[in-house]
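Novice: Here is what each chain is made of, one letter per residue.
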Amino acid sequence: MAWTREEMAQQAAKQLQDGFYVNLGIGIPTLVSNYIPEGMHVVLESENGMLGTGPFPTEEELDGDLVNASKQTVTLLPYGSYFDSAESFAMIRGGHVDLAILGAMEVSEAGDIANWMVPGKIVKGMGGAMDLVSGVRRVIVCMEHNSKDGEPKVRKQCTLPLTGSGMVRHVVTDICEFECVRGEGLILTAMAHDITLDEVRARTEADFKVVLG
Amino acid sequence: MGKVYQEAGAALRDILRDGMSIAVGGFGICGIPEHCLRLIAESGVKDLTIVSITAHIDGYGIGQLLDNGQVKKIIGSYLGENNNFAKLYISGKLEVEFNPQGTLVERMRAGGAGIAGFYTRVGVDTVVSEGKEIREFDGRRYVLEEGITTDLSIIKAWQGDEEGNLIYRKTARNCNPQAAVCSKMTVAEIEEMLPTGQMDPSAIHTPGIYVQRLFKGNAFENRIERRITRSA
Chain A
1 MAWTREEMAQ QAAKQLQDGF YVNLGIGIPT LVSNYIPEGM HVVLESENGM LGTGPFPTEE
61 ELDGDLVNAS KQTVTLLPYG SYFDSAESFA MIRGGHVDLA ILGAMEVSEA GDIANWMVPG
121 KIVKGMGGAM DLVSGVRRVI VCMEHNSKDG EPKVRKQCTL PLTGSGMVRH VVTDICEFEC
181 VRGEGLILTA MAHDITLDEV RARTEADFKV VLG
Chain B
1 MGKVYQEAGA ALRDILRDGM SIAVGGFGIC GIPEHCLRLI AESGVKDLTI VSITAHIDGY
61 GIGQLLDNGQ VKKIIGSYLG ENNNFAKLYI SGKLEVEFNP QGTLVERMRA GGAGIAGFYT
121 RVGVDTVVSE GKEIREFDGR RYVLEEGITT DLSIIKAWQG DEEGNLIYRK TARNCNPQAA
181 VCSKMTVAEI EEMLPTGQMD PSAIHTPGIY VQRLFKGNAF ENRIERRITR SA
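From first to last, the protein sequence lines stand for chains A and B.
The numbering of the first sequence is my numbering, which starts it at 1 and goes up by one.
The numbering of the second sequence is my numbering, which starts it at 1 and goes up by one.
Please note: incorrect hints may appear among the correct ones.
Unchecked claim - The calculated lysine-lysine pairs, modelled on BS3-like cross-linking and capped at a C-alpha distance of 25 Å, are:
no.	chain 1	residue 1	chain 2	residue 2
1	A	LYS124	B	LYS93
2	B	LYS87	B	LYS46
3	B	LYS73	A	LYS121
4	B	LYS87	A	LYS124
5	A	LYS121	B	LYS46
6	A	LYS121	B	LYS72
What the hints contain is simulated information worked out from the structure, not anything from laboratory work.
Given only the sequences and the hints, what does the whole structure look like? Please build it.
Specialist: Structure (structure tokens):
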């Protein structure tokens, strides 16, 4: 059985550490906020300009001046702060944010990531994706193992335009997890229940070592 | 000469001209100068170069300017929420320059601070760094990005006073302070005008030196792009 979106988020949540400042991307990464372990202090950053991003507001709390990086209405937790975009990206680009959990279209053996454009399709722009990938101390990717057409997304080399090169340190897919070690490549560290090594090999283009925990 | 104007038209009409560059504060449609943008749409001024993180949404904000065909070029970051943008871009009717969001904001800040350019890791080994100078510092490669200055900046703040001092509210601050510094003609629209001396000087986000004109907007729409709530 492949992992569900919620289970993928739970796997990714194991990367959290007490005291971490964390940026969560759109999609499955956003779900990680539901699995912060009890008693662990993790501060969520939204790159539009806040630390301490809280849950969606109630009708009474709703405030159009308070949105996250996906432009969704949110709340601020008691320890939170607001700041401008230059300050926000100084945190990100200056390596002050500990962890980014991002979605991706492709990841390569060398830790390259492509998640902002598909040639021939409408280009929306990279937003903060390149800043996050280049600046945050540890970048992990949470994505489906294969594309809707069944193409492998964990590649020897990315086929799509890069968001950043050599930046990804860990990958969680719906069937397995890889550690990405600089200079060594990918190491398979976990598989979902009933997923076999042969299946992972068949659905992965990249080469990888196997060190299951 | 006072900085306070009665409304958007009085603050902007004598400044607007074809072909000018305009920095626009806001992220998505949060904290955008909606009165200024409506006035510019009505003015019919054209061939504009717009510097903005996003292109707002169809029919609102920068969306109005795109609908009217007033924009020649957008220097932006994430422009995808606007459907008309996509049409204009595909048909070649709009020049577009995509920037990483932090790079765009820093370019505005740098331009306004008299810094011609800066080196950043962001965008190295991607299309963003193509054709730009790459330089190594401590064994890592950085790309040279240039500061941006514009002919006009339009921004939105929460509170202001006669000196042009501004305070923003919550995440509606976003890139408004950077848009404010990147031109020498910044027009701010505000929700509340405070009497001089009533603003806590330690709480001011944008000092009045960066603001040449301001006016109190009437009936802000303050639209919400993605309204999401949970049950209490």
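Novice: Does each hint fit the structure? Answer for all of them.
Specialist: Verification of the hints:
1. A:LYS124 / B:LYS93: Satisfied, since the Cα-Cα distance of roughly 16 Å is no more than 25 Å.
2. B:LYS87 / B:LYS46: 18 Å, holds
3. B:LYS73 / A:LYS121: Within the cut-off at roughly 20 Å; holds.
4. B:LYS87 / A:LYS124: With Cα atoms ~12 Å apart, LYS87 (chain B) and LYS124 (chain A) stay inside 25 Å; holds.
5. A:LYS121 / B:LYS46: Given pair LYS121 (chain A), LYS46 (chain B) is violated - Cα atoms ~28 Å apart, limit 25 Å.
6. A:LYS121 / B:LYS72: Holds - the C-alpha atoms of LYS72 (chain B) and LYS121 (chain A) are around 22 Å apart, at most 25 Å.
The structure fails hint 5 only (numbered hints given earlier).
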